[in-house]
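So the sequence lines, in the order shown, correspond to chains E and F.
Under our numbering, think of the first position of the first sequence as 1, with each following residue one higher.
Under our numbering, think of the first position of the second sequence as 1, with each following residue one higher.
Hints are computed from structural coordinates only; laboratory data are not their basis.
Incorrect hints may have been included.
Some chain E residues judged to face chain F by a derived CB distance under 10 angstroms, without partners named [said to hold, decoys possible]:
(1) Ala73
(2) Ile76
(3) Ser80
(4) Val122
(5) His191
(6) Asp491
When the alpha-carbon atoms are kept at most 25 angstroms apart in a straight line, the in silico DMTMM-like pairs for lysine to aspartate or glutamate are as follows [said to hold, decoys possible]:
(7) Lys254/E / Asp144/E
(8) Lys258/E / Asp47/F
(9) Lys234/E / Glu181/E
(10) Lys243/E / Glu67/F
(11) Lys38/E / Glu268/E
(12) Lys62/F / Glu268/E
(13) Lys207/F / Asp101/F
(14) Lys193/E / Asp47/F
(15) Lys243/E / Glu174/F
(16) Lys139/E / Glu174/F
(17) Lys44/F / Glu39/E
Note that the structure is predicted; figures quoted are calculated from it, not measured.
All C-beta atoms in this analysis are idealised placements derived from N, C-alpha and C, irrespective of residue type, glycine included.
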Amino acid sequence: MIRTAKMVQLSAVVLEKYFDRVTRELLSLGQMDFISVKEVSPSLARSLRDVREAVSSAEIKDLRKKVESIMAAGRIEYPSLKHVDIKPLTEDDFRRMSDEAAALETEMTGLRRRQQDMQTDVLHLEEIQKQVSAALRHKSPGHDNPYAAFLVARYGTFDGNAEELLQGLRGFSCALMPVSETTLNEYVLIHLKRDSLKIETVLSQTVWKGSEPIVGEAAVTPELKDRLEKQIEKTRARQNELKYDLESTVGNEKQRVKDLWIALRVGETYCAIQQRFNKTEKTFVFSGWIAEKMKKKVSDAIYKSCDGDCYIEIATAAEAVEEEGLVPPVLLETPRFLKPFETIITNFSVPAYGTINPSYIVALTFMLMFGLMFGDVGHGAVVFLAGLIGTIVARKKRKADYIYNLMCYCGMSAIFFGVMFGSYFGYSWLPAVWFNYHGAVEGHNATGMVQSLMQILALSTWLGVAIISMGILFFFYNCICCRKWFDLITDKSGLAGAVFYWTGVACAYFFMTEGSFARIPSWILLLGFGLPVTAFFVRLVVHSIHENGGFKITALPMLIMELLIEVLEVFSGFLSNTLSFLRVAGLGIAHVSLMQAFFMLADMVGTETVAASVGSWALVIFGNVLVIALEGLSAFIQTIRLHYYEFFNKFLMGGGIAFRPIGLVDKGND
Amino acid sequence: MGRVSEYSFISANLRAKISRILDAEFLLKCAEAKDLETLLMTFKDTDFAFLQEVYHKTADIKTCEKEVLDNEIAYNSYLFKHTKGAVRRFCESLALRYEADILKDVLRLWFDRTVRHRNIDEYTPYLHREPIVHTLPIDPILNADSPEAVAELLSSTPYGKVVASVLREAADTETMYGVETAIDAYVFRQMKESAEKLPLLDRRIAKEYTGLLVDIENLNRIVRLKHYFQFDSAAIRARLLPGGRRLPIREDVLPDGFEENVGDLVKRVFPNGSGDNVGETTTHFDRLLFVETISSELKAKQAQKALGGNPFTVGIVIAFFILKRIEIRRIITLMNAKYYRLEKERIKELL
C-alpha cells in the first residue's frame, strides 16, 4: 500500500481445446496486462504463430461504434457489464448482429429523411419570415419599400391534397397557409418574386384557382407575419415530434440494442485477449503481468479451466527485469475513496515501479493546504454540496467524477478549518477552536496561538519546511527501495541536500528570532554546509568520469564552476520552494480580507431603510459568491501547484508505465 | 510594457483556444468512422460536440456545416472585442476573408439565378447573414435583376467600387472568376494596408503572413488560369496579385511559354520539402487539391512559427486564424465525405 503493488509475470502454455475456457476466465477476472511473447522471447518467435479470430476485432469495433451511434440517437445509456455471459462471437453471431443493426439503421434512415425534409421546410419558411419582417420594418408611407418588392402573395382555392401541392413547392422559399382556421380549401401562398415564373408553372399543374398575385407592400401585413410565425412554430413542433419518433423507435428496441452492445463489447474484448495469445502446433502460449496478490487466484483459475492440464510459470518482477529486460507496470493500490488524489499524482507522472505511492499523504496534505487557504464553514459547505451534486450527475452520465470528488474533499476540509478558525460565511458566529483568522488579519479580537499576520506567515513557512522535509524523507525511502545508494547520499534531495536544507533552516530560524546565527556552533555550520557541498562535488566528479570514461585534471576548473552553479541552484531552489508556501498564508489572508471588504461595503450601505437593508444583504451574498468562486478556484490551483512543484519534485521518480489489464469496460466510443 | 498589456489577455485566451483545436492526427483517426453519425459521436468531447445534437434534430448536413461556419465567424467578434487600434484594424482585415467568401457565395447565387436561370432557394437559407465587418445587403442582392442594381446595392460598402466594373462583364461572359478575383484582390490590399499600420515587430510578422497568402492565392490563379482557362504566361502574370513573398510577378518566375508542372513550380518557389508527400497531379481536380494541400501545409508552418515566437505580438492572432480555419475546413471535409460515403483512404487524402 505504501509502495506501488508488487507485480509478477505469469506465462502459461495451454492445450488448444482449453483455449476458449482460459480466455473466458482471463476476461472475467480482468487482471492481466498482456505482454507479447514474441517480443519477450525473440528465439521463440519463429515457432509461434498469431491467432486468427473468426471475426476480426476491428470489424467488431466498427459494428459496436455503429450500435453506439444508434444508442446515442435513441438516448440509450450504456448497460453495465457486470454478470454478463462471456462468450466468443462466431461468424454467424456477427452476421446476425450486423443485420440487426442494419435493420435499425434502415428504420432510422427513413425518419432521418423526413427530418431533413422538415428542416428544409423550416428553413424556407424562415426565409419568407425574414423577408416579411424586413418588409414590415422598412414600411414607411410614401416611400419605396425594397424588401416588400421581393414578395408576392397569392390567394386562391385548392380542392386537391394540400400535401401534394406542398411537395411541388418544396424546392422554393415559400409559405402555404390556410386563409383562416375555419375555411378548409382557401389558401394564401407567399413566395419570393424571383420565383414567380417557376411557381406559376407548379401551380398550373395542380387544381389551384387563384386571383391575381399581389406584389409589394400590399402583400405584407402584420397578420400574415403572425400567421407565418405560427406556421413555423407548427413545423418546428412537427420536426421535434420526428426527433422523438426516432428516439422512441430506437427506444422501443432498447433491450435489443443494449444486448447487441453487450455482446459486441464482450466479443471485442474476447478477441483482444485472444490476439495476445500465440499458437504452436497444438498449444497456445501467453504471458502477462498480474499483481502479486492475485497470482494464486489467476493461476488457480487457469488450472481449473484446463482441468490441471497446463503449464504455468511465474517470475517475480526482479527476475523478469533481469532475465528478459522487461519493465513492470505500475499499479497504485489506493482505496477507492482516495482515487481522486491518485489522479492528481498520475496527472503529474506515474510513479516508477517499486517506489512510494504517495496517495495517502497527498490526501492529507491536499486537504490541509486547501483548508488553510479557504477555511470557512459556509464556503466549504457550498463547495461540498457543489461537488456532491456534480458527483451524482457525473455518475448518472457515466462520466469522470474525480474532480467533483475532490471538491467534496476540499469542501470538507474547508468546513473543518472553518470550525478551527471560527469562520462562518465570513462571520464569527462561534468562537475559534484553534485561532481566530479574521482577528489575526484585522489585528484585533485575535484569540488562540496565532494572533498576527506575521504569525500566519510563519505558520505557512513552517508548513513548507515540513512538506519539503517530508518530500526529502520520501526520496530517502525511494532510493532505499530502488537501491540507489549513490543518489541517496549525493542527490540534492538525498542526504546531502537534506543536511544542506536543514542547516539552512536552522540558520534562518536563528537569524529571524535572534538577529544572527551566532548561537549555532561554527563546526555545525561547517559540517552542515561543507559535507553536502563535498557530496555534490563527488557526484559531479563521478558523472564526469562516467561521461568521459575517466577523470581528466583539465576538467577540474569546469567541475568547480559546475559545483558553484549547483550549490547556487540548490540554495535558491530550497529557498524559493520554502517561500512558495507563503502563498498558503497569502490566499488565506486574501480570503479573509475580501470578506471584510464586502462587510465594510455592506456597512456603508447601512440598514436604515428596507432598500438599504436589502442592498446591504445583497452585497454580503454577492461577496460570498465571489469569494467562493474566485478564492475557491485560486486555492485549488495553488494547492495543486504546491504539490507539483514543491512536493512531488523532491521525491517522485516518475516514468512508470500504468498497469492496464484487459477486462470488460462498460463505456463506449474508445 | 504596452505590448505585454496589449497582448497578455488575448494571447492567453487564444493559446487556450488553440490548445483545443483538433489536430490532423485526431481528425485522421475520425476518418475511420463508419458513417456520419459515428463520426459526430467522436466529436463528443470536443468543441464540436454540439453537432451531434444539431444532426439529431435536423438530419441536415448543411445545417451542421452552417453551424460550424457560424461558430468560426463568431471568433471574429471575440477578437474585435479584445483588440484595439491598429491591431483591431488588422483583425478586421483578416475577417474580411470570411466576409469576402460570403459575398462571393451571394454573388454566385445571384449569377446562378439571373444568368443561368436556376432556382437558388435551396442554398439561400444557409448563407451567413450577420454582419462581420460591413453590412452586406444580402437579400436585396439575391433579388436584384441586373449587375448595375447589384453594384448600386453594394455602393454603401467598399465592395461597390470593386464589383461595379467587373460584374457586367461577368454576366456577359458567363463566368464569375473575374468578380471573385477582384474581391480577393481588394481583401488582400486591405490586409496589406492594415499590416503597414502595425508597430514594427507586428508589421514584420503580419507582412510575412499576408505575403504568404498572396503567394498561395497566386499559385491558385496560376493553376486555374493555365490549366482551366488555358491562358498564356503574360495573361496569367497580368492577373496575379502583387506583394507575394516567394512568388513575385516576374518573367523569370513565370516565363513565356512556361510548361512547368504545378508540383515542380511549388518545389521551386517553396523549397524545404513542401508538397513532397503529394502524388501525381494530372487532372485539374488533383492540381487544385495539391494547391489546397500545399496551402494548408505552408499556413500551418507559418502558424507554428508564430506560436514559437514572441507571445506578445500579432503572431498569436495570425496563428489562431490559420489553425482555426484549417480545423474548420477539415471538419467540414470530414462531415461531407462521410455523408457522401467516400472511401477512408480518399478522405485521408482530402484531409
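These are the hints, each one checked on the structure:
1. Ala73: holds, 6 angstroms
2. Ile76: Ile76/E check fails; min Cβ-Cβ to chain F is 13 angstroms, beyond 10 angstroms.
3. Ser80: Given a least distance of 20 angstroms, the restraint on Ser80/E is violated.
4. Val122: holds, 8 angstroms
5. His191: holds, 9 angstroms
6. Asp491: Not OK, violated: Asp491/E not within 10 angstroms of chain F, min 34 angstroms.
7. Lys254/E / Asp144/E: violated, 59 angstroms
8. Lys258/E / Asp47/F: violated, 28 angstroms
9. Lys234/E / Glu181/E: holds, 14 angstroms
10. Lys243/E / Glu67/F: Roughly 19 angstroms between the alpha carbons, so the hint for Lys243/E and Glu67/F holds.
11. Lys38/E / Glu268/E: holds, 22 angstroms
12. Lys62/F / Glu268/E: Distance ~35 angstroms between Lys62/F and Glu268/E Cα, so the pair is violated.
13. Lys207/F / Asp101/F: holds, 22 angstroms
14. Lys193/E / Asp47/F: Outside the cut-off at roughly 40 angstroms; violated.
15. Lys243/E / Glu174/F: violated, 43 angstroms
16. Lys139/E / Glu174/F: violated, 36 angstroms
17. Lys44/F / Glu39/E: violated, 36 angstroms
Checked against the numbered hints given earlier, this structure breaks hints 2, 3, 6, 7, 8, 12, 14, 15, 16 and 17; the rest are met.
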